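Chains as they are written, first to last, in this note's numbering: chain P, 1 to 468; chain E, 1 to 548.
Everything labelled a hint here was simulated from the structure, so no lab data went into it. The structure displayed is predicted, hence computed values, not measured ones. Mixed in with the good hints there might be a few duds.
Each computed SDA-like pair below joins lysine to any residue, with the alpha-carbon atoms no more than 25 angstroms apart [to be verified]:
no.	chain 1	residue 1	chain 2	residue 2
1	P	Lys391	E	Arg89
2	E	Lys392	P	Thr344
3	P	Lys391	E	Lys153
4	P	Lys313	P	Arg389
5	P	Lys9	E	Gly104
6	E	Lys435	P	Leu405
7	P	Lys391	E	Gly84
8	E	Lys389	P	Glu215
9	E	Lys389	P	Asn86
10	P	Lys92	E	Lys107
11	P	Lys92	P	Gly225
12	P	Lys57	E	Gly403
13	E	Lys107	P	Thr344
14	E	Lys231	P	Arg389
15	P	Lys391	E	Ser40
16	P	Lys9	E	Thr90
17	E	Lys369	E	Thr496
18	P	Lys57	E	Lys153
19	E	Lys119	P	Gly225
20	P	Lys9	E	Lys392
21	P	Lys94	E	Ser40
22	P	Lys9	E	Glu115
23	E	Lys111	P	Leu405
Covered stretches of chain E, going by a simulated chain P footprint (3 or more residues, C-beta under 8 angstroms) [claimed, not checked]:
no.	stretch
24	40-48
25	92-100
From the three backbone atoms N, C-alpha and C, an ideal C-beta is built for every residue, glycine too.
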Amino acid sequence: MAIVTAPTKACAVNPLKMSQPIGGAFAFMGLRGAMPLLHGSQGCTSFGLTLFVRHFKEAVPLQTTAMSEVATVLGGYDNLEQAILNIYNRTKPKIIGICSTGVTETNGDDVDAYLKLIRSSHPQLAKLPLVYVSTPDFKGAFQDGWERAVARIVEVLVEPNANGLRDPSKVNVLPGCHLTPGDLDELRVILEDFGLCPSFLPDLAGSLDGHIPDEFTPTTIGGIGVDEIASMGRAGWTIAIGAQMQRAAEVMQGKTGAPFRVFERLCGLCPNDEFMTFLSEISGRPIPLKYRRQRGQLADAMLDAHFHIGGRKVAIGAEPDLLFDLSGMLHDMGAQVTAAVTTTQSGVIERIKTKEVLIGDLEDLEGLAKTRHCDLLITHSHGRQAAARLKVPFYRTGFPMFDRLGAGHQLSVGYRGTRNLIFDIANLVIAHREENDQPTPDKWRTAAGLPPYSGYRGPIGADEGAIA
Amino acid sequence: MSSLAATLQNIFDEPGCAKNGSKSEAERKNGCTKQLQPGSAAGGCAFDGAKIALQPFTDVAHLVHGPIACEGNSWDNRGAASSGANLWRTAFTTDLSETDIVFGGEKRLCKAIKEIIDKCDPPAIFVYQTCIPAMIGDDINAVCKAASQRFAKPVIPINSPGFVGSKNLGNKLAGEALLDYVIGTQEPDYTTPYDINLIGEYNLSGELWQVKPLLDELGVRILSCISGDGKYREVASSHRARAAMLVCSKSMINVARKMEQRYGIPFFEGSFYGIQDSSESLRQLARLLVERGAPTDLLGRTEAVIAREEAWAWAAIEPYKPRFEGKKALLITGGVKSWSVVAALQEAGLELVGTSVKKSTRKDKERIKELMGQDAHMIEDMTPREMYKMLKDAKADIMLSGGKSQFVALKASMPWLDINQERCHAYMGYVGMVKLVEEIDKSLSSPMWEQLRRPAPWEALAKAMEQMRSPMATIADNPALAETERRATKICVCNTVDLGTIEDAIYAHGLKSVAAVREHTNAVGGCCQRRIEDILVSEPSALRQAAE
Numbered sequence: 001m002a003i004v005t006a007p008t009k010a011c012a013v014n015p016l017k018m019s020q021p022i023g024g025a026f027a028f029m030g031l032r033g034a035m036p037l038l039h040g041s042q043g044c045t046s047f048g049l050t051l052f053v054r055h056f057k058e059a060v061p062l063q064t065t066a067m068s069e070v071a072t073v074l075g076g077y078d079n080l081e082q083a084i085l086n087i088y089n090r091t092k093p094k095i096i097g098i099c100s101t102g103v104t105e106t107n108g109d110d111v112d113a114y115l116k117l118i119r120s121s122h123p124q125l126a127k128l129p130l131v132y133v134s135t136p137d138f139k140g141a142f143q144d145g146w147e148r149a150v151a152r153i154v155e156v157l158v159e160p161n162a163n164g165l166r167d168p169s170k171v172n173v174l175p176g177c178h179l180t181p182g183d184l185d186e187l188r189v190i191l192e193d194f195g196l197c198p199s200f201l202p203d204l205a206g207s208l209d210g211h212i213p214d215e216f217t218p219t220t221i222g223g224i225g226v227d228e229i230a231s232m233g234r235a236g237w238t239i240a241i242g243a244q245m246q247r248a249a250e251v252m253q254g255k256t257g258a259p260f261r262v263f264e265r266l267c268g269l270c271p272n273d274e275f276m277t278f279l280s281e282i283s284g285r286p287i288p289l290k291y292r293r294q295r296g297q298l299a300d301a302m303l304d305a306h307f308h309i310g311g312r313k314v315a316i317g318a319e320p321d322l323l324f325d326l327s328g329m330l331h332d333m334g335a336q337v338t339a340a341v342t343t344t345q346s347g348v349i350e351r352i353k354t355k356e357v358l359i360g361d362l363e364d365l366e367g368l369a370k371t372r373h374c375d376l377l378i379t380h381s382h383g384r385q386a387a388a389r390l391k392v393p394f395y396r397t398g399f400p401m402f403d404r405l406g407a408g409h410q411l412s413v414g415y416r417g418t419r420n421l422i423f424d425i426a427n428l429v430i431a432h433r434e435e436n437d438q439p440t441p442d443k444w445r446t447a448a449g450l451p452p453y454s455g456y457r458g459p460i461g462a463d464e465g466a467i468a
Numbered sequence: 001m002s003s004l005a006a007t008l009q010n011i012f013d014e015p016g017c018a019k020n021g022s023k024s025e026a027e028r029k030n031g032c033t034k035q036l037q038p039g040s041a042a043g044g045c046a047f048d049g050a051k052i053a054l055q056p057f058t059d060v061a062h063l064v065h066g067p068i069a070c071e072g073n074s075w076d077n078r079g080a081a082s083s084g085a086n087l088w089r090t091a092f093t094t095d096l097s098e099t100d101i102v103f104g105g106e107k108r109l110c111k112a113i114k115e116i117i118d119k120c121d122p123p124a125i126f127v128y129q130t131c132i133p134a135m136i137g138d139d140i141n142a143v144c145k146a147a148s149q150r151f152a153k154p155v156i157p158i159n160s161p162g163f164v165g166s167k168n169l170g171n172k173l174a175g176e177a178l179l180d181y182v183i184g185t186q187e188p189d190y191t192t193p194y195d196i197n198l199i200g201e202y203n204l205s206g207e208l209w210q211v212k213p214l215l216d217e218l219g220v221r222i223l224s225c226i227s228g229d230g231k232y233r234e235v236a237s238s239h240r241a242r243a244a245m246l247v248c249s250k251s252m253i254n255v256a257r258k259m260e261q262r263y264g265i266p267f268f269e270g271s272f273y274g275i276q277d278s279s280e281s282l283r284q285l286a287r288l289l290v291e292r293g294a295p296t297d298l299l300g301r302t303e304a305v306i307a308r309e310e311a312w313a314w315a316a317i318e319p320y321k322p323r324f325e326g327k328k329a330l331l332i333t334g335g336v337k338s339w340s341v342v343a344a345l346q347e348a349g350l351e352l353v354g355t356s357v358k359k360s361t362r363k364d365k366e367r368i369k370e371l372m373g374q375d376a377h378m379i380e381d382m383t384p385r386e387m388y389k390m391l392k393d394a395k396a397d398i399m400l401s402g403g404k405s406q407f408v409a410l411k412a413s414m415p416w417l418d419i420n421q422e423r424c425h426a427y428m429g430y431v432g433m434v435k436l437v438e439e440i441d442k443s444l445s446s447p448m449w450e451q452l453r454r455p456a457p458w459e460a461l462a463k464a465m466e467q468m469r470s471p472m473a474t475i476a477d478n479p480a481l482a483e484t485e486r487r488a489t490k491i492c493v494c495n496t497v498d499l500g501t502i503e504d505a506i507y508a509h510g511l512k513s514v515a516a517v518r519e520h521t522n523a524v525g526g527c528c529q530r531r532i533e534d535i536l537v538s539e540p541s542a543l544r545q546a547a548e
């Protein structure tokens, strides 16, 4: 049971956290022909946009209601109306996803009412889905925005299963925002190998996987279609990945009666054993040979890598679900999760295999890593300055990852994904040791990264310690 | 917030700006920023602009007073380089919560300032106002004033909440804060007759260091660079400079003009992008310094350095000329840098099929006309879809633009080069322009493009099958139809003149030169000059020969 501590500082230094609205907008990016719209001043959108573009190296659709000072005082109705009409006329979207920001939450814009008014005065919008989710900047974090947006999409767009008939081969997958497009593709293949037909909501693998479309599109270039979302109620099962998706799965069940199961982790041997068993049960098929082989390969990778990962003192900073998943896998490999920092409250953080989890920033993580002599740092790209100062191997994961390529294809799910992840981390540790920690005659006594061993007190003290 | 409103009015009334000067009184009141279009706006807010302008001060702690979005989503995202302190890359924010918004964030801000001083003890703290504390009425000016007194340290309020306007406006508001609270508050250790200020230069990718050695060689000292690789002490004592150069055109014109007014520091607008521009800027700097009393030998020494550097740069570009033969470039940038880059690219042998002039002034446009001819294809505002089409139809071989439009080019499998602030190469000065040409060549000559443009084998097959059934196949079988098709090829795009018309004119009047063709047809002969030359030297088509 980990103790969860909240910050007492007035000034966050080097934030780990990102804001709710862009987490919400991110969820809409997994819908086909979508245009996410932040109801706030244009900077709210431009900062988020830059962040997504640098992470995915892709064109990202994201618009703004461009609230000015005057509009903020008078209320944002006109701006929202104009924005929706402009987007409708210029980009012909299939859906507009609207997220509020700190500005419009503080002045108290009643967006739900606005949307009703806008619809009644512009009949051409009758068939255009407009999904609004409240995501104030001053509450929660990126992951919360995603969680709320997906729950809201289910609430608004999924149609109730009127006749109660289910297609047992159809499965809904509600992935958390910690999964990459590469992860989604991996899961899709796994489900299809069991003869299941998955619908991912949201499906970032369709829009931000880096494919080259035939035509220029100002909206998202792929993802799950609005029609497909509507028919999700007929699925035999809903699989939610990450505790953050529990809520959306519950909404789905409440609306359509589709049973659900939450997999809090999909990285590591045991979590995937559970996952495969479940798939075998719901599909009525044996585990395909391919996955029996992959399981063996993962087991072997763990054997090879435990020399390097085992015993490492790891400092991890990530959003709750990613932190829970990764720290669990590393703990299973014999590493010690020595410093853990996350962004927002969640049910899973108490169960992280460590003594204490801090809801804080990268300054906290860096400080803890230093005082507790961590020798592996895992967080998003903003950890690069800390890693350079700490001089420890640094594994980039999560969002944003702007200073390395391939962020969209980094795998962590499934036997194969876990195997690759373990190799990547172990190789990083090996490379770092080769470059920085070659043994020399002078430093045998204090191996790099370790605290001075209490038995030794310099050369003379060492002898005494040995005798005692 | 009345003081912020007053500052805004003050900024909009900018006599140093030619565009502003030509406006009527009423227009001027409306300000120089266009009204933002909800739903089709792009670009940053005023806070973004203020942060961009000031963040390159490397030893200052930049504290953002707002909810997590303003700093959490944006920190450490710019490529300015520092030669020393790294504090500017540390993000500080009050990360306002719901409780702060209900009860006010001033206390939290005050505590945050104290925490920073206890931890880092920087020479100064810049406190940035954002939308939400501005809405709830947090008075950062008062908090900063109190904190300055209590901690005996400059704590500077930067009053530029996002919703007051665009990024450009934020640049100016940042400048106002420097003028009000920083510039002139300290004295330099010593002064020389060669002290200058660079205003609006951000040292992205460390590009200032490609020019600084030349200044060092001339003995010119950068007393303060606002703000690239800048230090608080330098800008605080920048009022002792003898001359100033306004580097990034209009973004900080208020700083340059008011420093001229208050401290008598003359300034000029210049650029270190492009070979002639670099030379011109060095010349101007030397001239201003000499006018302010520097020894006149500076002029001669400057000319010698210019001659040497120019000779080197032109020689370095020369080998690329044959490689760029017939290659066409499309230039989409903010506009201010357009003409200076145009000159260099043309010298390297690239044909420019268009350049954006969205942010250019009338003077900029005139220079572009001078360089590219009267028919210069100036693009006021191009939608991504149009850009994509232009590239896809191979009307250009390479696009040079800012990061925002990069995927338009890349997804059309066309070469693209980043020439805006996020780029990773430094293109400043003589060295930089040669580097730019080198990068263009690397991109154009990559064998990758051809592979990418080739469709997958199965797609090619499917296409061929389709073509066999299409009307194009009938055309291929019918020489008369094919000839009509050939004659319909557009030669002059500007005035829509087709190949047939030009050929007929050539044969009817026995024309020999482009000028003659221009007289007898509507063809402009500007961008299509080369195509007309080709027609003049080409053999008459088989059908015409048969007819004759």
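Run the distance test for lysine 9/P versus glutamate 115/E: straight-line Cα separation, threshold 25 angstroms. 8 angstroms, holds
Please work out if lysine 57/P and glycine 403/E have their alpha carbons no farther apart than 25 angstroms. Holds - the C-alpha atoms of glycine 403/E and lysine 57/P are around 10 angstroms apart, at most 25 angstroms.
Could you grab the alpha-carbon distance between lysine 391/P and glycine 84/E and see if it respects the 25 angstroms cut-off? This hinted pair holds, its Cα atoms lying about 19 angstroms apart.
Has the given pair, lysine 92/P with lysine 107/E, been kept, meaning a C-alpha gap of at most 25 angstroms? 47 angstroms, violated
For a C-alpha distance cap of 25 angstroms, please report whether lysine 391/P and arginine 89/E respect it. Since the Cα atoms of lysine 391/P and arginine 89/E sit roughly 18 angstroms apart, the hinted pair holds (cutoff 25 angstroms).
Pairwise hint evaluation, glycine 225/P against lysine 119/E, where the allowed Cα distance is 25 angstroms at most: Violated. Lysine 119/E to glycine 225/P sits at ~51 angstroms, over the 25 angstroms cutoff.
Pair hint lysine 9/P and threonine 90/E, alpha-carbon separation not exceeding 25 angstroms: With a Cα-Cα distance of about 16 angstroms, the restraint between lysine 9/P and threonine 90/E holds, given a limit of 25 angstroms.
Hint consistency between lysine 9/P and lysine 392/E [alpha-carbon to alpha-carbon, up to 25 angstroms]: At roughly 53 angstroms apart (the allowed maximum being 25 angstroms), lysine 392/E and lysine 9/P break the hint.
Please count how many residues of the stretch 40-48 of chain E have a CB within 8 angstroms of a CB from chain P and say whether that reaches 3. Answer holds; 9 residues pass the 8 angstroms Cβ test.
Are the Cα positions of lysine 107/E and threonine 344/P separated by 25 angstroms at most? Roughly 23 angstroms separates the two Cα atoms, so the pair holds.
For the pair we were handed, lysine 392/E and threonine 344/P, check the Cα-Cα distance against 25 angstroms. 45 angstroms, violated
Pair hint outcome, lysine 9/P versus glycine 104/E [Cα-Cα no greater than 25 angstroms]: 16 angstroms, holds
When the structure is compared with the earlier hints, violations turn up for hints 2, 3, 10, 15, 18, 19, 20 and 23 and for no others.
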